[in-house]
Amino acid sequence: MFSCPKPAVQKNFDAAKYLGTWYEIEKLPHTFQKGECSTATYSLKSPGVVGVLNRELLADGTINTISGSAVSKSSSEPAKLLVSFFENSPPAPYWVLSTDYDSYSLVYSCTDLGVLHVEFAWIMSRQPTLPQETIRELSNTLSSIGVNVDKMITTNQDAAYCSAMHQ
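Numbering (UniProt numbering) for the sequence shown: 1 to 167.
Be aware that one or more of the hints could be misleading.
Ranges of calculated distance between the beta carbons of each label pair, as one might list FRET restraints [said to hold, decoys possible]: (1) 3 with 61: 40 to 50 Å; (2) 8 with 164: 31 to 41 Å; (3) 136 with 30: 27 to 37 Å; (4) 116 with 160: 32 to 42 Å.
Keep in mind that the hints were calculated from the coordinates and are not lab data.
Note that the Cβ used here is the ideal one computed from N, Cα and C, for glycine as well.
Produce the complete structure using the sequences and hints provided.
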């Protein structure tokens, strides 16, 4: 039986400081995210509710967007958020394992499905790049909770390639 790990999350998480745009640097690949130049923008929708806008550039040149909302159900661990993108779909965990709010964020999500689990991980940055040393440290954190970091893939954030995203 492989159940989700229960990693430590960011202490004293401050959602207000987390708002704004984050660039995806690396991720565990998954079917619902096929593009490059991926960003996530967080805004305050209402007290306790964070708006989520994910954008990516698809291979055919179109920009794919999806919006949703995230809420924290735990006042003792506010970095454990639940994110919903579709009205009737169950919310998914969005756990901020580590962030300095100004340069990097490490996000993990895992859902138990009986005998197996589905996990996602993202290394995010306030800029389209992140120092290799920071990526290595964040990868080590993921590795320490059992994530196979060899499966992580780098997201193309090349300025010229991604220029359509910033118009």
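Review point. Between residue 116 and residue 160, does the beta-carbon spacing fit 32 to 42 Å?
Key: Given a distance of about 40 Å, which is inside 32 to 42 Å, the answer is holds.
Check your understanding: Does the hinted range 31 to 41 Å hold for residue 8 and residue 164 at CB?
Key -> Check passed, 38 Å falls within 31 to 41 Å.
Review point. Within 40 to 50 Å or not, the Cβ separation of residue 3 and residue 61?
Key: holds (41 Å)
Exercise for review: Take the C-beta atom of residue 136 and the C-beta atom of residue 30, compute their distance, and say whether it sits inside 27 to 37 Å.
Suggested key: violated (23 Å)
Of the numbered hints listed earlier, the single one contradicted by the structure is hint 3.
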